[in-house]
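Student: The listed protein sequences derive, respectively, from chains L and B. Each residue of the first sequence is one higher than the one before, starting from 1 at the first, in the working numbering. Each residue of the second sequence is one higher than the one before, starting from 1 at the first, in the working numbering.
Please note that a few of the clues may not be correct.
What the hints assert, rightly or not - Examples of chain B residues lying across from chain L (beta carbon under 8 Å, computed): (1) Val159; (2) Leu168; (3) Ala172; (4) Asn344; (5) Leu351.
Just so you know, the hints here were simulated from the structure itself, not pulled from any lab data. For each residue, glycine too, the CB sits at the ideal point set by N, CA and C.
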Amino acid sequence: MKDKLLNNAEITAIALMGFVALIVGGWSVIILVVLVGAFIGVSVEPDPSGVRRAGVSGALGALILVIITLIHNTLIIRLPDQDSIPVAAQNIGVYLVALALGTGVAMLVAFLRAHADARVRRYGLMALMLVAAVLFPFFEKQSGLFWANTVIVAMIYSLQALGLNIVAGYAGMLDLGYVAFFAIGGYTMALLNSPQINVQLLFWLVIWIAAAAAAVFGLILGAPVLPLRGDYLAIVTLGFGEIVPIVFKNLEAVRIYEPVTEILSAILRQPNLALCLVGCGEDPFNLTNGTQGVSPIGRPEVPTGLIAFFKNPPFNTDLTFLPGNYLPWYFLILVLLVVSIFFISRLRQSRIGRAWVAIREDELAANAMGINLVQTKLTAFMLGAMFSGFAGAFYASYVSFVSPDAFEFSISVIVLCMVILGGSGSITGVLLGAFIIKAVDLLLLDEFQVVLGGLLQVTVFRAIESQDVRLFFNSLLDATQYKLLLFGLILVLMMQFRPQGLVPSVAPRRK
Amino acid sequence: MTNSSPTTRRVLRVLLIVAIIYIALLIGQPAGLDLVKIGDDIANNPGSILQQLIIGLANGAIVTIIAMGYTMVYGIIELVNFAHGEVFMLGTFVSLVFVALFSTTTALGGQTAPLWAALLGFIPAMLFCGLLNAGIERAAYRRLRTQPKLVALISAIGVSFILTNVGLQLGALGKLPAISPIFKSLSILGLNNAAPKSFPVILSNANVLGDFPIRLTQADVLVMVVALALVTALTWFVQNTKLGKAMRATAQNRDAAAMMGIDVDQIITLTFLIGGALAGAAGMMSGLYNGSMVFTMGFTAGLRSFTAAVLGGIGNITGAALGGVLIGLLAAFSDQYLSARWTNAWVFLILVLVLLIRPTGILGQEGGEKA
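Chain L with its partners taken away, still in its complex shape (with noise of 0.2 Å):
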């Protein structure tokens, strides 16, 4: 392997970022050989051979996406209807950063995970990858990618899938109703701040009711399933994971009678005799109000003195939360994703981590090993639930609207993808497996079509002269209608032929 200038996995690796920087081109080079960099750095040999392999593959690599993306920017952009690609991005200079960036990541990432000191070895990835992390928004915010709002949400799904990875991959419970606490995540934010039904208490204090709450329910719900088996398990949750939703739609006039004096009143005909406890003015009580949901929903409150501090130079930030100005919610977010990825990769590691993994490899011996299974399984089916419960309420707030429609059994099924996508058990591979999934669903889906419509139209469709024809393939192939069909076969290839993921979980798993 060692002679060879790229293995197998960085190849697949620069030939999907190069399909992104064909279908985006532009700034997204910066970004993409930064990826590939990374990959590259993380893929060879921990020795100074591998620094020096790393610095000649990366360059490599970034050269091969600088070129894909100088055919988006020549050829592509003079198909119909395409996106502008701003001029600055466009410059030779960008191209050099692009191959310097590519060339440098790689042999800096190689170059940490070859130091001789244990401690460089363990934090310095981490500490690039926050780096990183935070110099995105800058980045985003002065090219005009419009990638933020992608990259938030991909965020509110990693925490999910964090989540669920506790619950399905740490101990091998496939819970396929997860998107209810999704659901109570939301909609007790949606109650507990905003009009709706009159309770407006800070962001700061309902985020964590709502992933009190979220728990609970985690608990209530978890309790009766534990001693299903996988499949009977996996079909329960899945029935409430449908109530739920069903639940919040239908919230919307409520009035309740005390059971006894109502049967009572109707049998002796005195309707005062029935005693109304809920929703007993002249309208019902209205919870949730129905299909049209919630809205608007309080954004996260900052202190008007911090706002005024950050809006002078030198930062000249807008630090108000709203619509638009991702910045503020991209940080708060991001900040949410690290402290859980903490929590959970020290709870991974502790007892109650291992004894979560011993339950899903044999759950008989687990439990002769004196591992307590209702406790073991119930914190899981908890802390899964809080997370979900964590990103339900930040999403409710970042949209400022819940609806029934928003927690459909989709939602389950596509942060399972994430999972199993990147590696059931492995908390990297479900963080990949998360942001591709995210990327694939809200940009990249939509970009390809843009180039591939513009392909049709100075192909196939100029032979085409009948509009009938031309509306026809024009529905039968938009990119952006087969999202379920990808997620779908996703699952199926994945299944068939890599169900470990495409990170495996290090711990290895005996047969």
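Given chain L's structure and the hints, the job is docking chain B onto it.
Tutor: Just chain B now, kept in the frame of chain L:
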């Protein structure tokens, strides 16, 4: 509590049940569980109970036929074939396209088709869905048979997503009639891929019972008769033919069956073929009965039918029939007396409760006869 006498325990138990009923009546009110309202409804129109019975039986007939596919597949390879509901959805689609070939426009502008077209349409729908289901097994499940159960289940979820998407994009065929008059009949699909599609009117909506206050339509009779015929034929096939015997043997013990010279792969393919064909038949029945289809219908129909299969005892054909009828009745009565918007929640609640309290269902017994 360990020292309490049997009487005390009995009293406590009764108290617990009373408490559960009281709480259910209290928090069930928004979901339509309101005894006074239900009592009023029944008192005002006692005949509607019989009416709901008919509707429930007809709905249950369709649920039963779909549930057969779940129960047979689960009986033989212990897989919840999540894609089964979507196979049913595509069966409805095929039925719709086939019936549309013979449809004519009425004086009022609606579409109508003769009954023989619908009856003939059972053949392509069953053939298509049978082959599709067998193909799915070959492509997505066979390699995973030795893996843990959840692996195949996840693969099945993937297949169900793929088929839902196919169902959505098949709607694009509705744009073909604008291109050439050959495709004229496809205009029934409309121009919006995702929109629900209406079937041509095939059966008259008139009451078979004449002036009797309770309605029994031709569609009611037809779906019940077809369902009865299919269940009878299937039971006969499984009980009395050599292949049926091989299926039962494979369900009971795959390895032993293989040692007795049964081609297990072939039997499993056959099971999927029959299950799929039944889903196709249910597709045509649903088209005739409900008169419309939409690409998302597979999920709910699939879950309802799966609930029926579990309720009756999964792996048991008679159980699936019983469960189907019960779920059909539950849905009809919930639509009428509780609240139509909560019907799915009630069905899912039944699913959850059955799996929690009696996972073997009504007729199932551990280690008993399967398939």
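Student: Confirm or reject each hint.
Tutor: Now for the hints, and whether the structure bears them out:
no., hint, verdict
1, Val159, "6 Å, holds"
2, Leu168, "7 Å, holds"
3, Ala172, "4 Å, holds"
4, Asn344, "6 Å, holds"
5, Leu351, "5 Å, holds"
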